[in-house]
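Asker: So you can see what is in the structure, the chains are spelled out below.
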Amino acid sequence: MKRFWGFVVKEFFHIFRDYRTLLILFGMPAVQLMLFGFVLTNEIKDARIAVLDLSKDETTRKLTEKITSSGYFLLDRNLSSFNQIEPAFREGNIKMVIVFGKDFEKKLKKENAAKVQLIGDASDPNTANILVNYASGILNSSLLTMNAGQIPLQILPETRMLYNPELKGVYMFVPGLMAMLMILISALMTSISITKEKETGTMELLLASPLRPAQIIIGKVFPYVFLAFIDACVILLLANLVFGVPLAGSVFLLLLETLLYIIMALSLGILVSTVTNSQQIAMMVSLMALMLPTILLSGFIFPIANMPQIMQWLCAVMPPKYYIIIIKGIMLQGNGLAFLWRETLVLVGFTTIFILLSIKNFKTRLA
Amino acid sequence: MTMPENIIIVKDLVKKFGNFTANDHLTFEVKKGEIFGFLGANGAGKTTAIRILCGLSYPTSGILTVAGYDIYSQRELIKKNIGYMSQKFSLYEDLTVFENIRFYAGIYGLSKKEIEERSERLLERLDLQTARNKLIADIPLGWKQKLALSVAIIHDPKIVFLDEPTGGVDPITRRQFWDMIFETARNGITVFVTTHYMDEAEYCDRVSIMVDGRIAALDTPANLKEQFHVASMNDVFLRLARSKVTTEE
Chain P
1 MKRFWGFVVK EFFHIFRDYR TLLILFGMPA VQLMLFGFVL TNEIKDARIA
51 VLDLSKDETT RKLTEKITSS GYFLLDRNLS SFNQIEPAFR EGNIKMVIVF
101 GKDFEKKLKK ENAAKVQLIG DASDPNTANI LVNYASGILN SSLLTMNAGQ
151 IPLQILPETR MLYNPELKGV YMFVPGLMAM LMILISALMT SISITKEKET
201 GTMELLLASP LRPAQIIIGK VFPYVFLAFI DACVILLLAN LVFGVPLAGS
251 VFLLLLETLL YIIMALSLGI LVSTVTNSQQ IAMMVSLMAL MLPTILLSGF
301 IFPIANMPQI MQWLCAVMPP KYYIIIIKGI MLQGNGLAFL WRETLVLVGF
351 TTIFILLSIK NFKTRLA
Chain F
1001 MTMPENIIIV KDLVKKFGNF TANDHLTFEV KKGEIFGFLG ANGAGKTTAI
1051 RILCGLSYPT SGILTVAGYD IYSQRELIKK NIGYMSQKFS LYEDLTVFEN
1101 IRFYAGIYGL SKKEIEERSE RLLERLDLQT ARNKLIADIP LGWKQKLALS
1151 VAIIHDPKIV FLDEPTGGVD PITRRQFWDM IFETARNGIT VFVTTHYMDE
1201 AEYCDRVSIM VDGRIAALDT PANLKEQFHV ASMNDVFLRL ARSKVTTEE
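Going line by line, the protein sequences match chains P and F.
Position one of the first sequence corresponds to residue 1 (our numbering), numbered consecutively onward.
Position one of the second sequence corresponds to residue 1001 (our numbering), numbered consecutively onward.
Worth flagging that the hints you see were computed from the coordinates, not collected in a lab.
Among these hints, one or two may not hold up.
As the list claims (entries may be wrong) - Pairs of lysine to aspartate or glutamate residues, derived as EDC-like cross-links and limited to a Cα-Cα distance of at most 20 angstroms, are as follows:
(1) P:Lys2 <-> F:Asp1070
(2) P:Lys2 <-> F:Glu1076
(3) P:Lys198 <-> F:Glu1164
(4) F:Lys1144 <-> P:Glu91
(5) F:Lys1112 <-> P:Glu199
(6) P:Lys106 <-> P:Asp57
(7) P:Lys2 <-> F:Glu1116
(8) P:Lys198 <-> F:Asp1094
(9) P:Lys196 <-> F:Asp1219
(10) P:Lys196 <-> F:Asp1138
(11) F:Lys1032 <-> F:Asp1170
(12) F:Lys1144 <-> F:Glu1164
(13) F:Lys1134 <-> P:Glu11
(14) P:Lys363 <-> F:Glu1076
(15) P:Lys106 <-> P:Asp76
(16) P:Lys109 <-> P:Asp76
(17) F:Lys1158 <-> F:Glu1005
(18) P:Lys66 <-> P:Glu86
(19) P:Lys196 <-> F:Glu1005
(20) P:Lys115 <-> P:Glu65
(21) F:Lys1032 <-> F:Asp1156
(22) F:Lys1088 <-> P:Glu199
(23) F:Lys1158 <-> F:Glu1029
(24) F:Lys1225 <-> F:Asp1205
(25) F:Lys1134 <-> P:Asp18
(26) P:Lys115 <-> P:Glu105
(27) F:Lys1088 <-> F:Asp1219
(28) F:Lys1031 <-> F:Asp1070
(29) P:Lys198 <-> F:Glu1093
(30) P:Lys198 <-> P:Glu11
(31) P:Lys2 <-> F:Glu1114
(32) F:Lys1088 <-> F:Asp1138
To be verified - Below, a sample of chain P positions facing chain F; criterion: calculated Cβ distance under 7 angstroms:
(33) Arg3
(34) Gly6
(35) Val8
(36) Phe13
(37) Ser70
(38) Thr202
(39) Ala208
(40) Pro210
Note that CB positions come from ideal geometry on N, CA and C, so glycine has one too.
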């Protein structure tokens, strides 16, 4: 045991002597969270629009006012003909044009239908989509209030967004970011630190010493469990205090699941280091095989349900997917283990498989 | 009885990687306290054999005893009684001289007091007291090499395995390093050393020369030179290597 602690102490020296590692370990979570929280947001504010009002009556004036006073849109200019639409987009400031058809009010009253055209700048498809949705939402609701009482039967849907009423992007990003950073720190850092020992030849010395292989591996990963765990706490605190992400469920369960995920990522890192001998390859494998899938295939940014079937199967073998489900469940919905035991079991399963594979690889290498 | 006991006994060691036979029925003994040179060209199977003896790899077949322990069933005991120095000198560049000593002494289970005492003695002997708190990355290669050997024997092993310990250093440093090896042997530690510098073979008590996975010759340098009627170990080696070429053709 004393030997083992000497080993752990040495490992901490390595980490603290290398300011770049330290920077990655503690700078990255904060920076990433700020980036995702403040910059990468889907919310729209003050998008510049133009209005082509061919009717110019009371109703269209009111509707325009509603839209521009919503906070999402800023009226950049009024257009007077269709030919002005394209040049307006080309200039680049305008994100959307609203066209009110002729005799808007009259038609609305007589025929109960009038034409509004929303033209989005789809060179940026996401923004265009969101803008058009926002605008049609505002148009619909204001038309309904204006016409109240005039249409005999109507359905008034009342929407409520559960668990994230303001549809804040950061609610989504915090779980994803946790999944990504834990993989990065745990898998990438351990695989690099183990392959580094192989590169410098110190691994041979360690293996020739009375330390058992298990002690060597645990000694190498132990500091990273500790650091990754601290990082997880930092992210959670920042998310809660700065961005107001709720913590609806049990913090204890959240930390426990995080620990499980960290151990899963570490065993993955160990597995990577049993198949490579150089730090560069370990880094490439970790980045390409772990980071990209974590970002793309875990449901972090792109919803899995919208993917083609094959991609969905691929997503099913991505451990971060399950972790994201778990922590979203705990943080936003306040779920307990009763709802999350399946995902938890999957993570335990992954961990076991990675460890067994690592042991197998390790033995073949020694034989 | 003045016959020294055999500290390493290898009988019919075979190591195969798939179809390739790296060690083909090696049989030799190393006597306690001697400097045993393990020679051969690159790829002759030296490193494979030394890895097996250090417990880093399993043999395919054969009977092996190191420091009196069986290589199959008593590996942990073997590991406690041997030291190992690899050709890369293998110290941690981002740790200081003292931290490296403390770490290696620590993994061999030395107590805190022993570590303090031995590292002071070691630094004094190597004249490295001033470099005690310097990072390994900042000290010259020759110092690293001496330090690596000292660290490999800090726990007083019965045998120390040196795998090409003099690669990449200048002749004077090499000579100084061999003085350290002599001193190690005088202190009763058996030295098992691989090298491909034939002048170094002259310093060994006995040498074995490996060619293509087999031991082609094994004796004292003097006897080998006499047997092949040549003046230097280099010529002995060339004779053996050439006979290999002719048999192949």
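Asker: Against each hint, give a clear statement of whether it holds in the structure.
Answerer: Hints, verified against the model:
| no. | hint | in the structure |
| --- | --- | --- |
| 1 | P:Lys2 <-> F:Asp1070 | 27 angstroms, violated |
| 2 | P:Lys2 <-> F:Glu1076 | 17 angstroms, holds |
| 3 | P:Lys198 <-> F:Glu1164 | 17 angstroms, holds |
| 4 | F:Lys1144 <-> P:Glu91 | 67 angstroms, violated |
| 5 | F:Lys1112 <-> P:Glu199 | 30 angstroms, violated |
| 6 | P:Lys106 <-> P:Asp57 | 9 angstroms, holds |
| 7 | P:Lys2 <-> F:Glu1116 | 16 angstroms, holds |
| 8 | P:Lys198 <-> F:Asp1094 | 15 angstroms, holds |
| 9 | P:Lys196 <-> F:Asp1219 | 40 angstroms, violated |
| 10 | P:Lys196 <-> F:Asp1138 | 19 angstroms, holds |
| 11 | F:Lys1032 <-> F:Asp1170 | 30 angstroms, violated |
| 12 | F:Lys1144 <-> F:Glu1164 | 14 angstroms, holds |
| 13 | F:Lys1134 <-> P:Glu11 | 18 angstroms, holds |
| 14 | P:Lys363 <-> F:Glu1076 | 16 angstroms, holds |
| 15 | P:Lys106 <-> P:Asp76 | 27 angstroms, violated |
| 16 | P:Lys109 <-> P:Asp76 | 29 angstroms, violated |
| 17 | F:Lys1158 <-> F:Glu1005 | 13 angstroms, holds |
| 18 | P:Lys66 <-> P:Glu86 | 24 angstroms, violated |
| 19 | P:Lys196 <-> F:Glu1005 | 40 angstroms, violated |
| 20 | P:Lys115 <-> P:Glu65 | 17 angstroms, holds |
| 21 | F:Lys1032 <-> F:Asp1156 | 14 angstroms, holds |
| 22 | F:Lys1088 <-> P:Glu199 | 9 angstroms, holds |
| 23 | F:Lys1158 <-> F:Glu1029 | 15 angstroms, holds |
| 24 | F:Lys1225 <-> F:Asp1205 | 13 angstroms, holds |
| 25 | F:Lys1134 <-> P:Asp18 | 16 angstroms, holds |
| 26 | P:Lys115 <-> P:Glu105 | 10 angstroms, holds |
| 27 | F:Lys1088 <-> F:Asp1219 | 28 angstroms, violated |
| 28 | F:Lys1031 <-> F:Asp1070 | 17 angstroms, holds |
| 29 | P:Lys198 <-> F:Glu1093 | 14 angstroms, holds |
| 30 | P:Lys198 <-> P:Glu11 | 15 angstroms, holds |
| 31 | P:Lys2 <-> F:Glu1114 | 14 angstroms, holds |
| 32 | F:Lys1088 <-> F:Asp1138 | 16 angstroms, holds |
| 33 | Arg3 | 5 angstroms, holds |
| 34 | Gly6 | 3 angstroms, holds |
| 35 | Val8 | 11 angstroms, violated |
| 36 | Phe13 | 6 angstroms, holds |
| 37 | Ser70 | 57 angstroms, violated |
| 38 | Thr202 | 5 angstroms, holds |
| 39 | Ala208 | 4 angstroms, holds |
| 40 | Pro210 | 5 angstroms, holds |
Checked against the numbered hints listed earlier, the structure breaks hints 1, 4, 5, 9, 11, 15, 16, 18, 19, 27, 35 and 37; every other hint is satisfied.
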